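J.: Each chain is listed here by its residues.
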Amino acid sequence: MRKKYKALVLFAVIAALVVSNCLAPLTIAGAARSEKVLILATTTSTKDTGLLDYLLPIFKKKTGITVKSIAVGSGQALTMGQRGDADVLLVHSPAQEKTFMSKGYGKTRKDVMYNYFVIIGPKNDPAKVKTAPDALTAFKRIAAAKAKFVSRGDNSGTNTKELGFWKAAGATPSGSWYMKTGQGMAATIRIANEKNAYTLTDEGTYLVQKKSISLELLLKKTKDLKNQYGVITVNPAKHSFVNYNGAVRFSDFLTSREGQRLIGSYGTKKYGKTLFVPNAKK
Amino acid sequence: MELLIEGIKQAFMLIFTGDPLVIEATVGSLKTSGSAVIISLLLGVPLGLLLALTRFPGRNVFVSIINAGMGLPPVVVGLFVAVFLWRSGPLGSLELMYTMPAMVIAQVVIALPLVAGLTTSAIQQLNPKLRLQALALGATKGQMLYTLIKEARLMTFAAVIAGFGAIISEVGAVLMVGGNISGQTRVLTTAIVEEVGKGEFSEAIALSIILLSLTFLATYGLTYYQQKGVGK
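These protein sequences, in sequence, are chains A and B. Mind the numbering: the first sequence is residues 1 to 282 in the numbering used here, read in order. Mind the numbering: the second sequence is residues 1 to 232 in the numbering used here, read in order.
Honestly, the hints are just simulated from the structure, not real lab data. Since the model is a prediction, treat every value here as computed from it, not as a measurement. You can take every hint at face value.
To be clear about the criterion: a stretch of chain B counts as covered by chain A if any three or more of its residues have a C-beta under 8 Å from a C-beta of chain A, and this derived list gives those stretches:
#, segment
1, 34 to 41
2, 82 to 89
3, 92 to 100
4, 198 to 205
Quick reminder that beta carbons are idealized off the backbone N, C-alpha and C, glycines included.
Put together the whole structure using the sequences plus the hints.
T.: Now the structure itself:
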């Protein structure tokens with residue numbers, strides 16, 4: 001009997017320790033609304049390329065602010081900002097960003113960096129994308145050939161860009177050749193790879209995935225493939241509870257000389273080239 | 001196939017060298033799922049007892065809800081918990097979104113019906129005479145309940161095993177309310193999703209092996225303890 005009690009007490013102690021340890025943030029959160037936590041809603045590409053894992057610890061060291069980065073598509077990130085569920089956004093969907101700003105959901109928007117979208121696809125290139133002078137022509141050719149194309153279909157920045165091309169090409173993508181994944185960029189590339197299909201991706205995510213896929217880079221660096229990232233602070237006038245000060249510091253950090261230098265040098269070691277070109281206005 | 005073998009090889013390297021990501025995700029999983037299963041047990045067993053031993057209007061509806069809850073789709077749980085915890089939601093001021101407590105809440109919602117439901121049926125399966133006998137022998141109400149739980153412990157353990165298995169292997173809900181933030185809310189399942197996304201398959205396989213081993217060890221431990229009681 002005694003032994004049983006011992007086991008019970010031991011269990012109770014362990015249980016109490018585990019639970020209290022895990023729930024500790026609860027009391028902190030309840031005690032004071034902390035200025036030291038910042039919620040960043042961003043695109044999957046900044047996380048999948050590892051850029052954020054590289055930048056955020058440096059930002060924390062400088063400011064003491066812990067950034068919670070939530071990687072979703074740009075569309076969803078903007079919705080989070082609209083509801084005040086994020087303090088700051090790092091997104092790449094200029095058209096959607098413009099609407100967001102004009103409706104007053106954002107306080108400030110600054111350019112941070114750019115890279116290029118690329119079109120990747122099967123080696124034999126049935127739609128002759130490789131010889132296209134620009135992305136618009138490439139999309140026209142894909143639509144005309146009804147060549148297999150895998151779309152994000154998730155309202156992300158990349159998806160918005162892609163839909164813009166179809167619209168400009170006067171094509172309505174539908175039918176069995178057009179597949180929507182509803183997933184992030186990396187997952188979409190992998191699906192395109194299995195289906196041996198074309199897809200539009202940001203270059204950074206492609207470089208990360210490159211080693212394990214058989215699709216080839218077919219079109220890059222045309223003017224209409226430029227991919228601009230911007231940082232937006234959520235307007236505190238819309239939601240009094242957002243951490244605006246933290247958001248400003250993060251926005252300033254990304255566009256500062258140091259932040260820009262860090263962004264520009266990221267990825268050179270691992271991928272042999274920079275993944276993002278810093279272009280904040282001085 | 002080559003990928004798998006290479007992955008498993010690297011996986012063991014990562015595990016034995018104490019790769020920081022592997023450790024972080026493992027500790028995260030144990031913390032959240034451990035807390036959630038304990039809380040579910042503390043809430044679920046009394047609830048199960050209450051449902052098994054008392055009769056009140058609407059009880060059948062309540063029991064049906066609990067039973068239906070055993071099959072709650074985790075992503076749905078994640079979504080609803082998120083809607084409540086978002087800063088724009090009714091409990092937003094608690095600032096729990098994207099923290100471990102938020103993940104524990106979601107996991108408790110998933111595990112609680114399992115524990116409560118299985119406890120209810122366990123107690124109800126006991127011979128009703130046992131209760132009367134205990135009381136006739138002069139047991140207090142507390143002692144009587146203790147006797148019942150003791151008798152039904154096999155099923156209660158099954159409930160814990162089922163609950164733990166359900167939440168440690170779950171990814172949809174914890175990803176939604178936790179956000180898989182490195183250094184804060186990363187657990188094994190969400191880290192696996194992330195590593196696959198990055199194309200880091202060996203890391204993903206390493207994490208998978210740990211997840212499988214953990215689930216097995218926990219289940220084995222509980223089953224061992226459970227089976228010890230058999231035949232006595």
